[in-house]
Structures are given as structure tokens and as C-alpha cells.
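Asker: Line by line, the protein sequences give chains V and P.
One gets this note's numbering by counting positions in the first sequence from 1 and adding 6 to each.
One gets this note's numbering by counting positions in the second sequence from 1 and adding 4 to each.
Heads up, some of the hints might be wrong.
Not the full set, but computed from the structure, chain V residues with beta-carbon under 7 angstroms of chain P [said to hold, decoys possible]: (1) Tyr33; (2) Pro47; (3) Leu51; (4) Tyr86.
When the alpha-carbon atoms are kept at most 27 angstroms apart in a straight line, the in silico DSS-like pairs for lysine-lysine are as follows [unchecked claim]: (5) Lys107(P) <-> Lys49(P); (6) Lys49(V) <-> Lys54(P); (7) Lys19(V) <-> Lys29(V); (8) Lys107(P) <-> Lys65(V); (9) Lys63(V) <-> Lys43(P); (10) Lys49(V) <-> Lys19(V); (11) Lys107(P) <-> Lys49(V); (12) Lys107(P) <-> Lys29(V); (13) Lys49(V) <-> Lys65(V); (14) Lys111(P) <-> Lys29(V); (15) Lys49(V) <-> Lys43(P); (16) Lys54(P) <-> Lys111(P); (17) Lys107(P) <-> Lys63(V); (18) Lys65(V) <-> Lys54(P); (19) Lys111(P) <-> Lys43(P); (20) Lys29(V) <-> Lys49(P); (21) Lys19(V) <-> Lys63(V); (22) Lys18(V) <-> Lys29(V); (23) Lys29(V) <-> Lys63(V); (24) Lys29(V) <-> Lys49(V); (25) Lys111(P) <-> Lys63(V); (26) Lys65(V) <-> Lys29(V); (27) Lys43(P) <-> Lys54(P); (28) Lys107(P) <-> Lys54(P); (29) Lys49(P) <-> Lys111(P).
Cβ-Cβ distance ranges computed for the label pairs, FRET-style [what the hints assert, rightly or not]: (30) Arg28(P) <-> Val109(V): 35 to 43 angstroms; (31) Val11(V) <-> Pro44(P): 15 to 23 angstroms; (32) Val109(V) <-> Thr24(P): 28 to 36 angstroms; (33) Gln83(P) <-> Ile82(V): 13 to 21 angstroms; (34) Thr24(P) <-> Met46(V): 39 to 47 angstroms; (35) Gln83(P) <-> Ser90(V): 32 to 40 angstroms; (36) Glu109(P) <-> Ser23(V): 35 to 43 angstroms.
Note that these hints are calculated values from the structure, not bench results.
Even glycine gets a Cβ: it sits at the ideal position worked out from N, Cα and C.
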Amino acid sequence: EVQLVQSGAEVKKPGESLRISCKGSGYSFTNYWISWVRQMPGKGLEWMGRIDPSESKTKYSPSFEGHVTISADRSISTAYLQWSSLEASDTAMYFCARSLGGVLTGYHFDYWGLGSLVTVSS
Amino acid sequence: DIQMTQSPSTLSASVGDRVTITCRASQNINSWLAWYQQKPGNAPKLLIYKASSLESGVPSRFSGSESGTEFTLTISSLQPPDFATYYCQQYNSYPLTFGGGTKVEIK
């Protein structure tokens with residue numbers, strides 16, 4: 007059974023750093039890309055960026071590039087989303103999602119993690 | 005960026021109704037469009053990919069179609085589990101973009 011298991015909820019202060027994780031199981035981790043999607047409270051879905059775990063190649067949305075870092079450790083089938091300095095506006099649910107690669111942008115997201123809630127408040 | 009304009013933003017319907025949600029792309033996306041369903045507190049779930057291909061396990065009352073840059077999700081007979089928010093998403097070019105969502109409510 008394919009699963010993307012995300013790390014738990016986090017409460018942080020502005021300026022702090024954070025890394026959340028997404029562990030894939032039930033499939034070959036390096037055969038699929040992992041994207042991160044933000045959902046702010048009561049709002050829609052926003053694609054942040056993705057990683058090809060086989061080569062650790064990343065692509066970011068311009069809206070998020072420079073503010074977050076996406077990485078992966080294929081030895082433990084885990085992708086990460088990282089902030090070096092959180093802001094209150096980073097408060098949101100963050101989903102990881104899997105897509106098949108092979109074309110420039112990858113394909114649709116066929117499996118999603120349950121989400122990691124990040125709260126940033128002083 | 006490709007803008008995905010979804011309408012309506014909210015839809016009130018009754019069980020058994022035929023429901024249509026529209027998503028318009030700001031430029032050609034070569035049928036690279038997916039539809040997702042999201043219920044409160046849950047992750048999105050894939051319904052349709054490549055504009056009209058039904059994901060395995062999704063009920064056949066869901067269907068997708070396209071005409072140029074306009075895409076449609078149709079629920080042929082609305083059922084109680086279908087009350088949710090629906091999103092379209094293009095994966096033709098970066099950055100990948102979603103529509104604003106359509107909330108299907110009970111009338």
C-alpha cells in the first residue's frame with residue numbers, strides 16, 4: 007500500500023527554523039517526484055515546489071523560491087521541507103504529494119500525505 | 005504563470021442533482037489537467053487526470069471533459085459523500101497552479 011507519512015504538527019516562533027518530513031512507503035521512492043503544497047487557513051491549494059529524489063533535482067514556484075528548501079534522503083525514502091527563518095504568514099497546513107516524473111513538469115498527484123500543520127506565533 | 009479560473013466558488017445542490025464545475029485556463033495546457041476532491045480536515049484526493057481519465061476506484065458518476073481551454077467536472081447524480089470542495093490543477097508548465105476551489109454545499 008502506497009503511503010506518504012508526514013511529520014506531526016509544529017508550533018514555532020517567528021525567526022525560528024523548521025524542517026518537516028514526508029516518508030514514502032509501498033513503492034519505489036526514487037521513481038516518483040515529491041511536491042509540497044501549502045494550504046493557508048480557510049484557503050486554497052498552492053504548489054510550492056518539487057524534488058526528483060533520484061537526482062535530488064528541485065524546482066520551485068517563484069512565490070516560494072528563496073524562502074523554503076526542499077530536499078530528500080533516498081536512503082530513508084524521505085523528503086523534507088525546510089525554513090531557516092519562519093514568519094507568521096507561514097502558518098498553514100503543508101501537504102506532500104507524489105507524481106510520476108518523466109516529462110518536464112511531472113504528472114498529476116496520485117497520492118497525498120495527510121498534512122503537517124505549522125503554526126508560527128510569538 | 006497559467007491562471008486557472010474556477011467557477012462557481014460555491015454551489016448549493018441536492019442529493020441526486022447533476023452538478024457541473026468549470027475551470028478555465030489562461031492558455032493552452034494540452035489536456036494536462038487534474039481534478040481533486042477535498043473534505044474538511046483531509047488531504048485532497050485525485051478524481052480525474054489528463055482532463056477526462058477517471059482515477060482507479062473513483063465512482064463513475066464523476067467525469068471530466070474539455071473544450072479548448074475550458075474544462076468541466078461533472079457529477080451525474082450527487083451523493084452525500086460528494087459534499088466537499090473541488091480543485092482543478094494544471095500540470096502543463098511551471099509553476100503548477102490550482103484553481104481557487106468550488107465548495108459543493110447541501111441545498
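Asker: Taking the hints in turn, state whether each one holds.
Answerer: Verification of the supplied hints:
{"no.": "1", "hint": "Tyr33", "result": "15 angstroms, violated"}
{"no.": "2", "hint": "Pro47", "result": "12 angstroms, violated"}
{"no.": "3", "hint": "Leu51", "result": "4 angstroms, holds"}
{"no.": "4", "hint": "Tyr86", "result": "18 angstroms, violated"}
{"no.": "5", "hint": "Lys107(P) <-> Lys49(P)", "result": "15 angstroms, holds"}
{"no.": "6", "hint": "Lys49(V) <-> Lys54(P)", "result": "25 angstroms, holds"}
{"no.": "7", "hint": "Lys19(V) <-> Lys29(V)", "result": "25 angstroms, holds"}
{"no.": "8", "hint": "Lys107(P) <-> Lys65(V)", "result": "30 angstroms, violated"}
{"no.": "9", "hint": "Lys63(V) <-> Lys43(P)", "result": "32 angstroms, violated"}
{"no.": "10", "hint": "Lys49(V) <-> Lys19(V)", "result": "22 angstroms, holds"}
{"no.": "11", "hint": "Lys107(P) <-> Lys49(V)", "result": "11 angstroms, holds"}
{"no.": "12", "hint": "Lys107(P) <-> Lys29(V)", "result": "30 angstroms, violated"}
{"no.": "13", "hint": "Lys49(V) <-> Lys65(V)", "result": "23 angstroms, holds"}
{"no.": "14", "hint": "Lys111(P) <-> Lys29(V)", "result": "40 angstroms, violated"}
{"no.": "15", "hint": "Lys49(V) <-> Lys43(P)", "result": "13 angstroms, holds"}
{"no.": "16", "hint": "Lys54(P) <-> Lys111(P)", "result": "31 angstroms, violated"}
{"no.": "17", "hint": "Lys107(P) <-> Lys63(V)", "result": "35 angstroms, violated"}
{"no.": "18", "hint": "Lys65(V) <-> Lys54(P)", "result": "22 angstroms, holds"}
{"no.": "19", "hint": "Lys111(P) <-> Lys43(P)", "result": "17 angstroms, holds"}
{"no.": "20", "hint": "Lys29(V) <-> Lys49(P)", "result": "18 angstroms, holds"}
{"no.": "21", "hint": "Lys19(V) <-> Lys63(V)", "result": "30 angstroms, violated"}
{"no.": "22", "hint": "Lys18(V) <-> Lys29(V)", "result": "22 angstroms, holds"}
{"no.": "23", "hint": "Lys29(V) <-> Lys63(V)", "result": "18 angstroms, holds"}
{"no.": "24", "hint": "Lys29(V) <-> Lys49(V)", "result": "25 angstroms, holds"}
{"no.": "25", "hint": "Lys111(P) <-> Lys63(V)", "result": "47 angstroms, violated"}
{"no.": "26", "hint": "Lys65(V) <-> Lys29(V)", "result": "19 angstroms, holds"}
{"no.": "27", "hint": "Lys43(P) <-> Lys54(P)", "result": "22 angstroms, holds"}
{"no.": "28", "hint": "Lys107(P) <-> Lys54(P)", "result": "22 angstroms, holds"}
{"no.": "29", "hint": "Lys49(P) <-> Lys111(P)", "result": "23 angstroms, holds"}
{"no.": "30", "hint": "Arg28(P) <-> Val109(V): 35 to 43 angstroms", "result": "23 angstroms, violated"}
{"no.": "31", "hint": "Val11(V) <-> Pro44(P): 15 to 23 angstroms", "result": "21 angstroms, holds"}
{"no.": "32", "hint": "Val109(V) <-> Thr24(P): 28 to 36 angstroms", "result": "29 angstroms, holds"}
{"no.": "33", "hint": "Gln83(P) <-> Ile82(V): 13 to 21 angstroms", "result": "40 angstroms, violated"}
{"no.": "34", "hint": "Thr24(P) <-> Met46(V): 39 to 47 angstroms", "result": "28 angstroms, violated"}
{"no.": "35", "hint": "Gln83(P) <-> Ser90(V): 32 to 40 angstroms", "result": "46 angstroms, violated"}
{"no.": "36", "hint": "Glu109(P) <-> Ser23(V): 35 to 43 angstroms", "result": "40 angstroms, holds"}
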